[in-house]
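Okay, here's what each chain looks like letter by letter:
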Amino acid sequence: MKTIVVEQLKYRYPLTQTLALNELSFEVEEGEFIGIVGKNLAGKSTLCQALIGLVPHFYHGGYGGRVIVDGLEVGKSQVDEISKKVGIVFQNPFTQVTGSKLTVYEEIAFGLENLGVPRAEMIDRIDHALDLLQMLPFKDRAPFDLSGGQMQRMAIASIIAMRPKIIVLDEPTSQLDPQGSEEVFRAIQSLSREGMTVIMAEHKMEKVAQYADRVLLLHEGRLIDFDRPEKVFSRDDLDQYGIAAPVYTEVCKALDAKIAGEPYYPATLDEACKALVMRRE
Amino acid sequence: MSLYVNRHSLVHSVDPITKLYYIGAAIVVPFIAPSFHAAWVCLLLSVSLLLIARVFHRAMPILGFVAFVLATVIVIQSLFHPGNATAWFHIGSIGVYQEGFWYALGICFRATNIVCAFSILVLTTKPSDLVEALVRKGLSPRIGYVLSSVFQIIPQMVATMGTITDAQRSRGMETEGNLLVRIRAFFPLLGPVVLSSLLNTKERALALQVRGFNATGEKTFLHEQQTYQYSAVLQWGLIGVVIIVVIWRILS
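From first to last, the protein sequence lines stand for chains B and W. Be aware that the first sequence starts at 1, since it is given in my numbering, and climbs by one per residue. Be aware that the second sequence starts at 1, since it is given in my numbering, and climbs by one per residue.
Rather than coming from a laboratory, the hints here were simulated on the basis of the structure. Take the hints with a grain of salt, since some may be wrong.
Below, computed lysine to aspartate or glutamate pairings styled on EDC-like, alpha-carbon distance capped at 20 Å [to be verified]: (1) B:LYS258 - B:ASP213; (2) B:LYS84 - W:GLU218; (3) B:LYS165 - B:ASP213; (4) B:LYS204 - B:ASP236; (5) B:LYS231 - B:GLU250; (6) B:LYS274 - B:GLU171; (7) B:LYS165 - B:ASP131; (8) B:LYS85 - W:GLU218; (9) W:LYS126 - B:ASP140; (10) B:LYS139 - W:GLU224; (11) W:LYS126 - B:ASP145; (12) B:LYS2 - B:GLU30; (13) W:LYS219 - B:ASP124; (14) B:LYS204 - B:GLU30; (15) B:LYS253 - B:ASP237; (16) B:LYS253 - B:GLU281; (17) W:LYS219 - B:GLU281; (18) B:LYS253 - B:ASP177; (19) B:LYS139 - W:GLU218; (20) W:LYS219 - B:GLU81; (21) W:LYS202 - B:GLU171.
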């Protein structure tokens with residue numbers, strides 16, 4: 001079942017001439033994990049914001065085409081209505097803290113209170129989100145006292161508690177140290193296992209290759225490719241788009257070790273090991 | 001940044017709205033009943049409530065600051081009150097008068113009573129509980145958010161300022177020394193601090209929006225409404241006291 005349908009999406013920021021998104025069309029199946037890759041200013045963040053309606057409702061400007069999420073046309077719906085279906089986590093964990101709540105538990109409740117979720121259900125949802133993100137030990141801590149990784153997990157938990165069908169993550173680990181990044185990736189993996197549709201813009205290609213079902217390659221607002229990670233990362237023209245393939249792909253390319261029965265190079269460690277063993281045999 | 005003191009006391013268990021009623025009565029009653037006795041009785045009641053709540057020591061710094069200001073009122077009124085007639089004693093050619101002293105003391109009791117009444121509220125109520133109670137009573141959630149976020153976001157802005165100061169200092173800017181050096185260092189800091197705050201505010205606005213901040217439906221609350229068994233009795237009692245004092249004042 002298609003949960004996201006993007007048709008001929010075009011967007012230009014106010015007071016600019018260049019299109020930030022240029023004729024994008026793609027579809028995402030329910031439960032898929034999509035990685036969005038591309039160099040800076042490729043349109044990754046703009047696309048993420050278009051999926052939740054911040055483009056065009058918060059960022060005005062030139063907008064064309066259609067984005068439909070779970071049957072709801074984003075351009076014609078209010079953000080709070082869309083936020084029941086799609087949640088978004090931004091790059092900076094610090095600015096996602098509301099600043100009005102004293103504990104992590106209350107912070108996660110913020111969105112549910114706004115949406116009018118009954119108290120008993122609210123508590124169930126918060127407990128589930130905390131458990132899923134392994135944040136239960138921190139539930140009584142002050143939000144600003146958390147580390148970057150914990151704060152980002154709290155931001156994800158806040159979105160998860162709102163029970164969206166789709167979660168969009170805009171470079172959620174860009175400001176985190178390796179440990180914090182790993183914590184966040186593990187959390188995102190848990191969401192994917194729960195069947196949630198995950199859209200993640202990310203620069204860490206190894207991680208994208210490891211988790212994503214499909215990779216969407218953007219360049220200057222245009223969709224260049226949208227396919228399985230090994231297929232996208234096996235492209236010879238990645239340099240042209242400012243993208244470096246995962247190190248496993250590079251090694252296998254250098255050794256000409258392809259995935260068994262396919263014309264593509266491995267993109268993950270497991271696949272690379274298999275390909276290299278097979279090549280030796 | 002909150003002044004709240006976590007204790008288990010009778011005063012803590014009273015809901016924030018009733019405490020607001022008390023503040024209203026503590027302001028109105030001593031001024032409508034302009035007798036010295038009304039002023040000290042009200043002050044005695046407020047101090048007793050601070051003692052019952054076991055937060056009186058935390059109110060001392062606030063009262064100390066107010067006492068300094070009020071001491072000047074006593075000195076000025078004792079010396080220059082227009083109704084001064086009975087001199088207590090003289091310092092050189094300047095007389096210290098009873099009328100002015102008692103008048104000033106009445107003002108001090110009323111002012112201190114107001115400070116104590118506000119201290120009861122802020123020292124025994126979590127800011128979030130107060131804001132939540134007001135939102136339940138119909139205050140706009142937007143205003144409620146502003147009130148409750150200011151307690152946490154201002155310290156974060158101060159921390160940002162510290163980081164930017166360190167960054168500027170590491171590039172050779174003099175930030176310590178005499179007043180002139182400090183003033184000269186302050187202005188170049190303003191730009192980055194204001195700019196980063198504006199950027200953070202924009203991102204925070206986005207984060208709030210996607211968490212239903214602008215939702216128009218009825219809000220719910222994580223915490224159950226704080227109710228006190230005798231809230232209604234206390235609130236009506238305080239209204240009654242104000243009405244009685246007003247009637248007494250009109251008749252007298």
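Do the hints match the structure? See the list:
no. : hint                : in the structure
1   : B:LYS258 - B:ASP213 : holds (19 Å)
2   : B:LYS84 - W:GLU218  : holds (15 Å)
3   : B:LYS165 - B:ASP213 : holds (17 Å)
4   : B:LYS204 - B:ASP236 : holds (19 Å)
5   : B:LYS231 - B:GLU250 : holds (13 Å)
6   : B:LYS274 - B:GLU171 : violated (30 Å)
7   : B:LYS165 - B:ASP131 : holds (18 Å)
8   : B:LYS85 - W:GLU218  : holds (19 Å)
9   : W:LYS126 - B:ASP140 : holds (15 Å)
10  : B:LYS139 - W:GLU224 : holds (18 Å)
11  : W:LYS126 - B:ASP145 : holds (18 Å)
12  : B:LYS2 - B:GLU30    : holds (6 Å)
13  : W:LYS219 - B:ASP124 : holds (18 Å)
14  : B:LYS204 - B:GLU30  : violated (24 Å)
15  : B:LYS253 - B:ASP237 : holds (13 Å)
16  : B:LYS253 - B:GLU281 : holds (18 Å)
17  : W:LYS219 - B:GLU281 : violated (65 Å)
18  : B:LYS253 - B:ASP177 : violated (29 Å)
19  : B:LYS139 - W:GLU218 : violated (26 Å)
20  : W:LYS219 - B:GLU81  : holds (15 Å)
21  : W:LYS202 - B:GLU171 : holds (18 Å)
Hints 6, 14, 17, 18 and 19 from the earlier list are contradicted by this structure; the remaining hints agree with it.
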